[in-house]
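Here's the letter readout for the chains.
Number of protein chains: 2
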Amino acid sequence: MEYVCIEQGGVASATDFLAAGITAGLKRSGALDMALIYSRRPCVAAGAFTSNLFAAAPVIYDRGIIAGGQPVRAVLVNSGNANACTGERGLRDVEATVAHLANLLQIPGRQVLVSSTGRIGVPMPMDVIKGGIAKAVDALSEQGSQAAAEAIMTTDTRPKRLAVELSLGGRRVVIGGMTKGAGMIAPKLRMQPPQATMLAYVTTDAAITPAALHAALAASLDQSFNRITVDGDTSTNDTVIALANGAAGNPVIEEDTPEFEVFSRAFVHVLSTLAREMVLDGEGVTRFVEINVTGAQTDEDARRCAEAIANSALCKTAWFGADPNWGRILCAAGYSGIAFDPARVSLSMQGAPVVKNGLDAGTPESQLAELVAAKELRIDLDLGSGNGQFTVWTCDLTYEYVKINADYHT
Amino acid sequence: MEYVCIEQGGVASATDFLAAGITAGLKRSGALDMALIYSRRPCVAAGAFTSNLFAAAPVIYDRGIIAGGQPVRAVLVNSGNANACTGERGLRDVEATVAHLANLLQIPGRQVLVSSTGRIGVPMPMDVIKGGIAKAVDALSEQGSQAAAEAIMTTDTRPKRLAVELSLGGRRVVIGGMTKGAGMIAPKLRMQPPQATMLAYVTTDAAITPAALHAALAASLDQSFNRITVDGDTSTNDTVIALANGAAGNPVIEEDTPEFEVFSRAFVHVLSTLAREMVLDGEGVTRFVEINVTGAQTDEDARRCAEAIANSALCKTAWFGADPNWGRILCAAGYSGIAFDPARVSLSMQGAPVVKNGLDAGTPESQLAELVAAKELRIDLDLGSGNGQFTVWTCDLTYEYVKINADYHT
Numbered sequence: 002m003e004y005v006c007i008e009q010g011g012v013a014s015a016t017d018f019l020a021a022g023i024t025a026g027l028k029r030s031g032a033l034d035m036a037l038i039y040s041r042r043p044c045v046a047a048g049a050f051t052s053n054l055f056a057a058a059p060v061i062y063d064r065g066i067i068a069g070g071q072p073v074r075a076v077l078v079n080s081g082n083a084n085a086c087t088g089e090r091g092l093r094d095v096e097a098t099v100a101h102l103a104n105l106l107q108i109p110g111r112q113v114l115v116s117s118t119g120r121i122g123v124p125m126p127m128d129v130i131k132g133g134i135a136k137a138v139d140a141l142s143e144q145g146s147q148a149a150a151e152a153i154m155t156t157d158t159r160p161k162r163l164a165v166e167l168s169l170g171g172r173r174v175v176i177g178g179m180t181k182g183a184g185m186i187a188p189k190l191r192m193q194p195p196q197a198t199m200l201a202y203v204t205t206d207a208a209i210t211p212a213a214l215h216a217a218l219a220a221s222l223d224q225s226f227n228r229i230t231v232d233g234d235t236s237t238n239d240t241v242i243a244l245a246n247g248a249a250g251n252p253v254i255e256e257d258t259p260e261f262e263v264f265s266r267a268f269v270h271v272l273s274t275l276a277r278e279m280v281l282d283g284e285g286v287t288r289f290v291e292i293n294v295t296g297a298q299t300d301e302d303a304r305r306c307a308e309a310i311a312n313s314a315l316c317k318t319a320w321f322g323a324d325p326n327w328g329r330i331l332c333a334a335g336y337s338g339i340a341f342d343p344a345r346v347s348l349s350m351q352g353a354p355v356v357k358n359g360l361d362a363g364t365p366e367s368q369l370a371e372l373v374a375a376k377e378l379r380i381d382l383d384l385g386s387g388n389g390q391f392t393v394w395t396c397d398l399t400y401e402y403v404k405i406n407a408d409y410h411t
Numbered sequence: 002m003e004y005v006c007i008e009q010g011g012v013a014s015a016t017d018f019l020a021a022g023i024t025a026g027l028k029r030s031g032a033l034d035m036a037l038i039y040s041r042r043p044c045v046a047a048g049a050f051t052s053n054l055f056a057a058a059p060v061i062y063d064r065g066i067i068a069g070g071q072p073v074r075a076v077l078v079n080s081g082n083a084n085a086c087t088g089e090r091g092l093r094d095v096e097a098t099v100a101h102l103a104n105l106l107q108i109p110g111r112q113v114l115v116s117s118t119g120r121i122g123v124p125m126p127m128d129v130i131k132g133g134i135a136k137a138v139d140a141l142s143e144q145g146s147q148a149a150a151e152a153i154m155t156t157d158t159r160p161k162r163l164a165v166e167l168s169l170g171g172r173r174v175v176i177g178g179m180t181k182g183a184g185m186i187a188p189k190l191r192m193q194p195p196q197a198t199m200l201a202y203v204t205t206d207a208a209i210t211p212a213a214l215h216a217a218l219a220a221s222l223d224q225s226f227n228r229i230t231v232d233g234d235t236s237t238n239d240t241v242i243a244l245a246n247g248a249a250g251n252p253v254i255e256e257d258t259p260e261f262e263v264f265s266r267a268f269v270h271v272l273s274t275l276a277r278e279m280v281l282d283g284e285g286v287t288r289f290v291e292i293n294v295t296g297a298q299t300d301e302d303a304r305r306c307a308e309a310i311a312n313s314a315l316c317k318t319a320w321f322g323a324d325p326n327w328g329r330i331l332c333a334a335g336y337s338g339i340a341f342d343p344a345r346v347s348l349s350m351q352g353a354p355v356v357k358n359g360l361d362a363g364t365p366e367s368q369l370a371e372l373v374a375a376k377e378l379r380i381d382l383d384l385g386s387g388n389g390q391f392t393v394w395t396c397d398l399t400y401e402y403v404k405i406n407a408d409y410h411t
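Top to bottom, those sequences are chains W and R. Residues 2 to 411, numbered by our numbering, are exactly what the first sequence covers, in order. Residues 2 to 411, numbered by our numbering, are exactly what the second sequence covers, in order.
Do not rely on the hints blindly, as some may be mistaken.
You can't tell identical chains apart in this list, so a pair holds if it fits in one copy or across any two.
[What the hints assert, rightly or not] Below, in silico cross-link-like pairs of lysine-lysine (DSSO-like), each with a Cα-Cα straight-line distance of 30 Å or less: (1) Lys136 x Lys404; (2) Lys376 x Lys131; (3) Lys136 x Lys376; (4) Lys136 x Lys28; (5) Lys404 x Lys131; (6) Lys357 x Lys131; (7) Lys357 x Lys136; (8) Lys28 x Lys357; (9) Lys28 x Lys131.
Because the hints were derived from the structure by calculation, they are not lab data.
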């Protein structure tokens, strides 16, 4: 293995990174609701943000910072309020948040990023935010990975974090990360501009050029957050931020080098593991489903087809019922809007043939019913019309999802 | 009023139309599962069918008949089996069905249409079909509207049918219809090629040219079946068929005449009433929601935006919870893929202002909570960016929907 997992790893595992998770008071429950990531050294930063037109105030703000190419030292994340659809006031609140944190950390304001998740359309309670910032700065520690991962949760049931270590140029390099998801999950992340409220943060002590970090993040999205969907809703707040502070002392990683490839594989592992964990912890999820579409005319066609299946309420409820109803899968492919020949379509579940050339492949239904009862279901759909392919990770649609989202507001 | 409702009306209300609904034995429950509509005179016919690539065998067959412009005398409809994804065998089964029915009715085979709804991917049990056809022919009657409407039901909880009468050229003209829906409802009907398994049949004794009947059906779809969505899934079997037998003896209706306009208004009333009934009887529905999007750059943009909201799992569960969570509505508009200025968006619910210029309009949440608890909810979203507009009729997403669709197969 080029990289190995670090026990209890997270965003504070890389050298010279600290993290905190505290209760500011934004959640009525009194649970942790504010996380802070801080680097003792300036970081190269890369970001990807929601493509939703109603991008939240912190997303608008962060895009500007990332686009400016400045070094970054800190990321403040709050749950409990999305600061979305809050207009000019929302932007002023982000600026006040940044100024307050920068002052306490004694760093320039332009080195601070902010993320928010929670209710849309409610102004930020700035007194609560400012009190929380002071607590978070005091709580910063090398042991802060777990608390930070807890503090960014909304309807998540468990914190999602990990870190790996690898060797580059003779030096130990660490890549750590954390994420939250649960609902409004169907990221369509754009580099420098993602979807759902999913938030993800990756910290590394690797020395890497800004262009190489940007390239590593861009290349990883289709293998991680952009291949997942819980409910097809793309949030106003989706954010993925990667920070690299160079503390590992490795020769600076440039694009298109063997070191870049090694780094990128470990980086993709961290992001894809977090993305997969996010689906497994999606709202009310009982079953993880991987959909591999191949044989489309283009990769984009394969993506549209896989997403139509993944977001079909009928497919998702069938998976909940452990029902091998393959007609619903073909039906969703048929209305996805892409072109293919129905008579050349083949489908398998857990490797067993289900449909061949558009017709029932003859596997006994009792056998299919056993296969689809698995906690993790793999569906392979070959459209037989080209070389385009895409993989989506999704989940079932359950009573619990309906309950969580019918009751969230009240 | 130009037209008035007929008590107990349906597809057998117009002169010289008969109908039947019988138990062929396709449903395990023993419920009615085969309907037959028959006209004593040859009919002008128009049809609209699913845009799903996996169009079912009867859809493929009917498209050919409608495209040929022949007169039509009979429509056979079965529930319990969709005859979709059944390949060449499915098409041969349709042909055998047509031949058997034509023989018993002593009419040419090319005057018969066939529709199916139910499970996908299972061959038609032709012995059952043939036995059912004999029973259905025997049962044809002028009192058959109710039984026919019951026989086409799948997960529907009640039959949906109506008829209206109007005066044209001094003659009494009747337009009757029936529909079924419940799940896989998001028709994207194409004339001469609709979506969900929704089936709808309209019969009239008006004398009308084929071109005028086609035009009346085409113009009515965006005001009826193409504006509804239950779950966003477009079926392999969606079908709307209109038959006009001329028995009323009115002067033949031509396009672009005052008579055509009068006929069309009554025709739209029948289709839109059936479409609305279909949503109200959607799987597990507790709340009907009308979404009016205005101010889009184009009507097509308005449609995409309205459908994104209508198909959002988060909006639908909020409606189930009677939750005035407007952030989810704006969020769905924001990821719908159309262009508009978020700062110019206004939203109202039941006529009460909710969002103005992208921000909370200040209506107290307690007041909004009361408004959205209505059984029928009206949402008006003005994007402020043009003159494009579209209306969608949809419903909430409930425990019962999940239950019905997780259990349907078994």
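Hints violated by the structure (listed by number, smallest first): Violated: hints 1, 2, 3, 5 and 7.
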